[in-house]
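Colleague: Read top to bottom, the protein sequences are chains G, Z and E. Here the first sequence stands for residues 1 to 200, numbered as in this note's numbering. Here the second sequence stands for residues 1001 to 1200, numbered as in this note's numbering. Here the third sequence stands for residues 2001 to 2239, numbered as in this note's numbering.
Think of the hints as simulated: they come from the structure by calculation, not from any bench. Misleading hints may appear alongside valid ones.
[Unchecked claim] Pulled a few chain E residues facing chain Z out of the computed Cβ check, cut under 7 Å:
id: 1; residue: 2030
id: 2; residue: 2120
id: 3; residue: 2124
id: 4; residue: 2126
id: 5; residue: 2127
id: 6; residue: 2142
id: 7; residue: 2143
id: 8; residue: 2148
id: 9; residue: 2207
The C-beta atom is built at its ideal place from N, Cα and C for all residues, glycine as well.
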Amino acid sequence: METEKLIAIIETLIFASEKPLKVKYIEQVMSVIDLGELTIPGLLETLKAGYASEESGIELVEVAEGWQFRTKPQFAEWIKRLNTVRPSKLSAPAMETLAIVAYRQPITRAEIDYVRGVDSGGVIKTLLDKRLIKIIGKKELPGRPLVYGTTQEFLEVFSLKDISALPNLQDIKQMSSAEEELERNQTELPLPASEPTDEE
Amino acid sequence: METEKLIAIIETLIFASEKPLKVKYIEQVMSVIDLGELTIPGLLETLKAGYASEESGIELVEVAEGWQFRTKPQFAEWIKRLNTVRPSKLSAPAMETLAIVAYRQPITRAEIDYVRGVDSGGVIKTLLDKRLIKIIGKKELPGRPLVYGTTQEFLEVFSLKDISALPNLQDIKQMSSAEEELERNQTELPLPASEPTDEE
Amino acid sequence: MISEPQDYRVKLEIFEGPLDLLLFLIKRNELDIYDIPVSFITEQYLTYLGMMQVLNVELASEFLVIAATLLEIKARMLIPASAEPEEEIEDPRLELTNRLLEYQRFKNAAGQLNNLNMLYRDTFPKGMQESIEAEDTSLNIEADAYELLVAFKSILDRAKGEKIAYMTVERISVAQRINDIMERISIAKSIVFDTLLPEEYTKMDIVITILAVLELLRLRMIRCEQKEPFGNIWLYVPE
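Produce the complete structure using the sequences and hints provided.
Modeller: Structure follows, in structure tokens:
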């Protein structure tokens, strides 16, 4: 089969998929074809480059551990003018709480409350409803509190390839010694380790 | 504005639209631009020709209600293959119905219909087909209605050791800020049957 | 409508909590976060709280907790460092400083998240779904148990309002309803279905009544007739 045809198949698979499409599923579907020297990731890159360079308003992006077609950000204003699309917005408290969950997961509500200095019950509910965070288990602590983490939808909404693609937490100078102290002081309220960015 | 840019705007509008997009909406959105000699229908034809001639797997079609992108028919087989390879999510009605069965089994269809407030025949059939629920007997009620319960496969899909491992309502208490309400209501799932299945 | 206090309230709510307020005060007064002048900041903080109270802004209890913390730190700062010379005295401000730094980091992180290409704000996925679907009865399903729980909870929430009051008052069984119907029909000989329902009926009443009628039909204890489409349904005692 010619390369163009292979790429067209991949294009339709991603196009027809409602959610970002994982490479493994593309590979499974196309396992009946002898690709020769070619690989699915290689073909994906070719397809992506085609959309990127072209005068197209659409691009192929890698999000949430899969591939999806999306409109290029510079066209957002035009699409919003169509009132059929729902714009998304998160309040400042929601964004802040989401950031804490994203960088400190798994995290309990008590820990979120402590970092924010205010009760976060309502905001957590909002984020759960929006499916940006989810309950990922219970902590081995008295009362077995629930612990929260981010979802696939979180990655999709923020156009992140995977959780490691989160922007680095900006380090504030002179923090390290202060942080060690923090860790030592946390006997009553255990917070997760203070270097969150290098997990996974 | 160059023609390419205009076409890209139209492309993203159609792409992002949830329904086939009418020309008049495109015209409304783009009414702020001076198109000069160009017309929206003309630009649409150019865009359509671009997709048609290209090696793309996608085409722009005009259906009764407007314009939409679709995969070209010759790729349908590949998309069908994808649907069998990729795990699917349960639809919201299916998940809802399954939840009622899981938490209130044994339960009759009339009871499910009542709780959901809509006819659940189709959803029950889907769940039976997927072997997530099964008929576990008949109820000692007039008409001896069938009663449903969950299956072994259900436990496997949801990674549950046994049915007692289902998370309970206390687990989501902290999800909501109105905690007390939940506690008060959790035994009160109103069922039409005279003998509510008050297991637990 | 008196809208003035409301306006103030909106302005003051830019502080998401006491830590946010403290950070603001430190920044506004160009203070060193690693060497916070506690007396000064406590005074400023309390002034702010006082102002909010004057404006009738309801304060979250956390604001008062931090006020107490500040006062406590202030008091501990006054204890002479030489009291126990062999022990290394910890700076009483340390925990608060760390909390503020930590909070600051996440405020920054929230800003960074906000700068990413957000779906439905900066970028949009395909709006329409393809309708090519394979008939799929496979068990190839992605699901987790909490989704199930959440679905169940939303059912409970939805079920709330309407019924619970009725439920407890009249939890009538199908058997009871059958007896009711038979009693009335033996007197009246014929009866319109709708009149079997109580004056204020719930969905449950309908279900139970229908179940009762169906059962009676099955047992041939009544006969049922509808004279025209969408017309009244009449129930009779069979001859």
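Colleague: Run every hint past the structure and note whether it holds.
Modeller: Okay, the hints, checked on the actual structure:
1. 2030: Given a least distance of 37 Å, the restraint on residue 2030 of chain E is violated.
2. 2120: violated (9 Å)
3. 2124: Status holds, d = 4 Å.
4. 2126: Holds, about 6 Å.
5. 2127: holds (4 Å)
6. 2142: holds (4 Å)
7. 2143: holds (6 Å)
8. 2148: OK, holds: residue 2148 of chain E within 7 Å of chain Z, min 5 Å.
9. 2207: holds (4 Å)
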